[in-house]
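There are 4 protein chains.
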Amino acid sequence: MSGNTFGTLFQVTNFGESHGPAIGCVIDGCPPGLPLSEADIQPDLDRRRPGTSRHVTQRNEPDAVEILSGVYQGVTTGTPICLLIRNTDQRSKDYGNLTMTFRPGHADYTYWHRYGVRDPRGGGRSSARLTAPMVAAGAVARKWLSSRHGIEIRGCMTALGDVDLPREDWSQVHQNPFFAATARHTQALEAYMDALRKSGDSVGARLYVEARGVPVGWGAPLFDKLDADIAYAMMGINAVKGVEIGDGFGVVRQRGSVHGDELLPQGFASNHAGGVLGGISTGQDVQVHLAIKPTSSIRLPRRSIDVEGQPVTVETHGRHDPCVGIRATPIAEAMLALVLVDHALQHRAQCADVSVPTPRLPAQPDDQG
Amino acid sequence: MSGNTFGTLFQVTNFGESHGPAIGCVIDGCPPGLPLSEADIQPDLDRRRPGTSRHVTQRNEPDAVEILSGVYQGVTTGTPICLLIRNTDQRSKDYGNLTMTFRPGHADYTYWHRYGVRDPRGGGRSSARLTAPMVAAGAVARKWLSSRHGIEIRGCMTALGDVDLPREDWSQVHQNPFFAATARHTQALEAYMDALRKSGDSVGARLYVEARGVPVGWGAPLFDKLDADIAYAMMGINAVKGVEIGDGFGVVRQRGSVHGDELLPQGFASNHAGGVLGGISTGQDVQVHLAIKPTSSIRLPRRSIDVEGQPVTVETHGRHDPCVGIRATPIAEAMLALVLVDHALQHRAQCADVSVPTPRLPAQPDDQG
Amino acid sequence: MSGNTFGTLFQVTNFGESHGPAIGCVIDGCPPGLPLSEADIQPDLDRRRPGTSRHVTQRNEPDAVEILSGVYQGVTTGTPICLLIRNTDQRSKDYGNLTMTFRPGHADYTYWHRYGVRDPRGGGRSSARLTAPMVAAGAVARKWLSSRHGIEIRGCMTALGDVDLPREDWSQVHQNPFFAATARHTQALEAYMDALRKSGDSVGARLYVEARGVPVGWGAPLFDKLDADIAYAMMGINAVKGVEIGDGFGVVRQRGSVHGDELLPQGFASNHAGGVLGGISTGQDVQVHLAIKPTSSIRLPRRSIDVEGQPVTVETHGRHDPCVGIRATPIAEAMLALVLVDHALQHRAQCADVSVPTPRLPAQPDDQG
Amino acid sequence: MSGNTFGTLFQVTNFGESHGPAIGCVIDGCPPGLPLSEADIQPDLDRRRPGTSRHVTQRNEPDAVEILSGVYQGVTTGTPICLLIRNTDQRSKDYGNLTMTFRPGHADYTYWHRYGVRDPRGGGRSSARLTAPMVAAGAVARKWLSSRHGIEIRGCMTALGDVDLPREDWSQVHQNPFFAATARHTQALEAYMDALRKSGDSVGARLYVEARGVPVGWGAPLFDKLDADIAYAMMGINAVKGVEIGDGFGVVRQRGSVHGDELLPQGFASNHAGGVLGGISTGQDVQVHLAIKPTSSIRLPRRSIDVEGQPVTVETHGRHDPCVGIRATPIAEAMLALVLVDHALQHRAQCADVSVPTPRLPAQPDDQG
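Line by line, the protein sequences give chains E, A, C and P. Reminder that position 50 of the first sequence reads as 50 in the UniProt record's numbering, one-by-one numbering, no gaps. Reminder that position 136 of the second sequence reads as 136 in the UniProt record's numbering, one-by-one numbering, no gaps. Reminder that position 305 of the third sequence reads as 305 in the UniProt record's numbering, one-by-one numbering, no gaps. Reminder that position 53 of the fourth sequence reads as 53 in the UniProt record's numbering, one-by-one numbering, no gaps.
With the rest of the complex left out, here is chain E:
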C-alpha cells in the first residue's frame, strides 16, 4: 500500500536510503524450520555488489548482511527475519550540487513533487542501492524454493546496447563481468563499455531470467496471476521499462497454430507461453525478459531546471554504472524468487484439498541454451 512491502504471504518490507546509516528489510512469513545463516545470503549480495569490475560504479561497499531476528540456532523460527546492511562508503559530497536541480531521466523531479522533501544523498530512497535488501530477501526465498521444491532460478544478459548476446552456455555467466551466457563476446563488450565510459554516456540492456522446476498449478486466475505478479515485480526494478513472458512481443505476429503449445503424453512440445497459462504455472520453465533503460546520471551536459523552474545545465560526476543492466541480473533473479515463494505459500493455503491424479507432465528442459 505505502509502497515498501513486497508480497502477501512471504512479505518483504524494505527500508533505508543510499547514504543513510543502513539499508535492510524485514521478511515476514518465511516458514519455520529452514536452516539459514548469513552465509546463505552473502553470495547473492556479492554478485550484485558495486566495485567488482571497472564497468560498474566504483563505490566500495562490502554490503555485509546481519541477521537481527527470526533465526534461532541456525534455523528460521517462523517469526520476522530482519536483515541489516550498514552503509559504509558515503561520499555524499558527490551529490551536493544536485540537490536543487533535477537530473533528466531521474526520479529527482517526481520524488520532490510527491513528498515535498527528499534525501538527495546518492539518490536517497530512489537509489538502485535499495535493491540490495531485495537480493538478500531473494536469497532466503531461493533457499526455501530449492530445498522444498528443487526450483532453480538463473538469469543472464541477452543484449548490452547494440550487442546481442546469445544464451549458449550458462556455465559462462559468472566467468565474465557482464552476466553473459556466452564466452565469445567478452572482449567486444569490454571494448564497447570502455568506449561508452570514455564518451560520458550510458546505454540500456536486455536481460533474461528463468525458473526451472516450478510445479504446475501455481498462480491465481484473475488478478494475482503468476505472470502479472512477475510483471509487477520486474517493472518495479529500477530502470526497467518492458517485461515479456515467454515469446513476449513476438506473439503479435504469431498464428495461434504456432503459439499454442501442444501437449504430448511425454510433455509439452514447446514453450511459447513461457511457463504460464491463464495466470497459472504449466510446470515448464518460467521465462521472463526485461528491458533496462540507460543510466540517467551521465557526464554529458543535459538541459534541466532547478527547483525554482529556472533553466540549468546538469552534468553528473559521481560514481555511476554506465549500464545499470550489468548488475541487474541478480536482482531480477531475486524478484522472481520472491514472486514464486509467495505463490507457493498461496497454493498451500488454498489448494491443499486438491488432488489431481493424472497427468502431471514432466517439466520440459529449456532448449534455448
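Since the hints were derived computationally from the structure, they do not count as laboratory data. No false leads were slipped in.
Each pair may be met inside one copy or between any two copies, as identical chains are not told apart.
SDA-like cross-link-like pairs, simulated, lysine to any residue; straight-line CA separation at most 20 Å:
(1) 198 with 177
(2) 143 with 73
(3) 143 with 117
(4) 143 with 40
(5) 143 with 353
(6) 143 with 352
(7) 143 with 39
(8) 143 with 64
(9) 198 with 257
(10) 198 with 52
(11) 198 with 300
(12) 198 with 301
(13) 143 with 354
(14) 143 with 35
(15) 198 with 254
(16) 198 with 253
(17) 198 with 258
(18) 143 with 43
(19) 143 with 38
(20) 198 with 255
Given chain E, put chains A, C and P in place with the hints provided.
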C-alpha cells in the same frame, strides 16, 4: 490475495463464470458524491461487447449492467457498488466435448491442476468474458478521474498480426471495428481477418493505451510504483504476454543522452519515459504498449492429451474471436483507469500535507498522433 | 481497507443497503471441492431472519439466498462465490421523517459526517440487515470447518437485560425465541419483553459463542492473533460494545496461580484462557462473550438535532427489534466461523512444514454447560 | 497476514526476539514533512521500560532507540522509518530449564505447536518486550495526531487486582509507579504489591485509555469500524482478555432510553457510546477499557508437562512483572494512536470530497475525571 480483487483503496472484486447465471463486481472505496447511473457504464461495455462485427465472436449478449448498491438518488454514497450483468446467451453444448481434454495454449490444463475441478462451460472463470465487469468498474473510475482531475484515457490497436497500424488520427478509433487510429488500413484489415477466419487460425495484436492529464506525483517509490502497477494490471488481462512503458524494449539500444527527457521551463522536451520516473508520474502522458497473443481456441487440429494423459486431437468449433486483441482496447483503458484511481486515492492519503511551490510543469501534449 | 471486506485468505466482501434492490457478498478464497448449495446456507439465514417471533422486528423478508457463481455441479470451484439476497419488503416510508434528523445512539450522525450523503431508507448501509450476508458466508465457512476439521460452533444468549440466563442445556437453544440455553426462563423472558415493548423502550443483552474442536496451533503471534481477530470480528457486529475471551474482565481480580491453566498428560486441567494463549489456539474450546447495546431506535421521545443543528424531538415508529441481541447469536457464530476459516488457511500456508511429535493434548470438553 | 504488521496506510512491521540481537520496527506510510528525532520517541519508551520501580521486572535495559531511515535533516521524508532497539541485558540462563517444558498460561505450548521450533530465551517472540517497538511507533503516530489534529491520548490503571482506582486526578498518573489517576491509593498499592511479590503469585489489572479531540467521521462502516480496529489492537496486546468501548458490558442491563446519547445544539448530552457510533467517531472522547490477565510466569509451583508429554512441576524464577498491567498503559496508548492515525489517513483518501456544512458539534469534555 485470492486473485479476484484488484486495487487497494478503490477495490474491485470480480465474480462469475462465462456460462453461470451472472458475472459482476463489487467496487469498494469509490468516494461518495459522484453522480452515477447505468448510463455512465453501458457505453464502455458496449464497446467491448461481443457480436458487434463479423471479426469478433458471434455470441450475442446485451451485457446490460445493473447497479445493485452504493448509489442513492443518482449519487454514490461511499459504500460498495455492486454491478451485475446477467448471462443470457449460454450455448454450453459448444464446449461439451472439451471437458475431458486440454486445448493447447489455453488455461484448461493449469486450472485443472490448481483446482482439481473446473467449470468448463465457455472457459468458465478463465473466459475473457470476465473482463466485462472490469470494463464496468473502469467506467466508474474514468468518470471520477475525469470529473475530479480532467484525466482522459484512450487506446487503439497499433498492430494486427503482420499489419502495423500508425497512430495518426484518434478520431478514427471508433469508426472501424479494429480500434485503429487510422482510416487508411480498414480495407486491408477486413481482408486480412477474412482470410484468417477462413484458414481457421488466429493471430496476435499490439495495443497502445495512454492517460492524459495525470498530475505529477502519483505513484510510490519501491514496490507500488505506478508503472509496476500498470504492468501488473496489463499482464493480468487475458492473453497479454508483454508490457512496455514509454519506449519499452526500445531502451535497450538507446543512449542515456537520448533517453533522459530534458526539462525546460516550459515543460519536458520529450517523453521517452512514458510519463513515469522512479515509479511516480511526471505529469506527462502515461504511455503503455501491450502484446496480445493469438486466441488459443482455433479450428485447426492440434495435438493434445486428455485428463488420463492419452493423446487426442483438439479442434475448437465454438464461437471465438480470431484475434482477441480486437476487443481488448476498452479493457486496457479500463485497467489503466483502475490503476490511476487507486494511486489518486493513495496520494490523497499520504501526501495531503505536501505543498511544493514550483515548478509544476505543464503536461506536454503527445506528439505521436 | 475500505471497510467492506472481511478476512485475508477467505475474504468476504459485503454489499447492499437495507432498502436497496439487494444485499449480498462475494466469498473469495473458499477452497475448491466443497459440496455446496443454497440448502447449506438457508437454515442459518432463517435463524437470523426477522419476523420469526413477536419479540423481533415484524419486517417480513424471506431472505432467500441465490448462489450466482463459484459452484459447478454442486461443488465449489475455488473461484469467487457470489451470494445474492433480494430485498422484498421495503416500507421506506417508515423512515421518511428521519432523513433530516439524527437518532440518538444511531449511526445517522456519523455516516452523515463521513460521507456527506447517506441512504436513509431503513438505516441504509448501517442497518443490521447487512449481517445477513455474513451469516450466509459464515454458513459456507462452517461447512468447510466441520467437514475438514470437525469443528462445531454454537452460541446462546446469557443475559437479556436484567435476566441472567445460565448455560445449562444446549438442546434448548432453538426451542425458544431467545436462543437461551435453558428451558426455565422462557416465560419470564416473554413477560419481560412484552413489558419492554409496551414501554416503548429497548434493552441490551449478553451472548456467548464457542468453537469446539479447533486444533492447537491456529493463530499468529503479534497482530493477527486469533483472539485479536475474534475481538475485531465481534466488535464489528452492529451494537456490540464489549468482547471477552475466556474469563474476560474476570481476570482483573484473578491470581496467576488460578488463571494459568495447568497441563496434565491427559489434557488441560481448566480453560480460563478461553482456548487461546499468545494469540494461538490451545486445542481447547474457543470461548467468547459479547455485550450488545440496546436498540437505538425506540418509541420514547428523545432530544436530538436536525442537519441544520436545530433542536428536535425524535420518536422512532418503524419496525425495530426491542433487543437486537435476540437475533445476534447466529451472527456471532458466523463471524467466529469466518475468523477460524481464515486462520485455518493461514496455518496451511505457513506451517505445512511443521511436524510436532508430542504432545498434542486431547481437546477438553467445556464443563460449563 | 503473517502477523507482524499492524495497520494499512500507516503500517508498522515489528521484528525481534526478547534475547536476540535487537528488536525494532519499520513504519511505512508516515506522511512526509513531520519533524522527528529520537527525542520524540524515547520518553514513551522510558515510561514502558523495565526496571523503573521495584514492582516491575528488574531487567535493566536502556531501550535506546535509533532511527535508521526515513528521516532527513530532522524531518520525515515519507519513506520507511526503521526504529532499532538493541537488546543489552540478556540473562538467558534464567530460562534454560524451561525450554523443554510448558509454563501454564504461557504461549510456550501454542508456539511450539504452531512453529515446531521456538526461541525460548526470555519468551522469544512472545515476550512482552516486543511491545517496545509498538510504543516507539505509537510515539510517531501521536506526534502526527497531535500536530495535525490536536489529538491527545492518555491512559491510566483503573484496577490493580482487588483494588479499584478512581479516575479522579489525571495529573497523578506519572507521580506513582502504577499509572493510577489518583494520589490516595499509592500506599495501599505498594503494600498490596509487596505482599503479592512475597507470595510468589501475580494478579490482573484493568486499564482505561482515551483519545481526546478526534474529529467526527473517522472510521468505516462494516468491518474496518473504528471500534473494531481498537478491539483488535487492544486484544492483540499481550495478556489482554477483554475490551470495552464506552459503557462496555454495562450496556447489557441498560435501556435504550438511557444508553442512546442525546444530541443538543451545543453538543452530545452524554457519552455512553464511548465516542463511536456505527463504527465511526462521533467527535467525543474515544473511551476504551481493557482487562489484563495475571502474569503466567510465577514462582509458585504449577503442574505441567514436558515436550514428551510427561508430567512436570514448573516454577519460574526469572525476572518477571508480578502484574504486567502496570507497564501496559503506555502500550495501550500507543496502540490507540496507531489505530487513529490509520483511520485519519483512510479518511483523507476516501472522504476528501466530502463537505458537510453543519452541524459539527463541539467535542465534549469527559466528565469522569
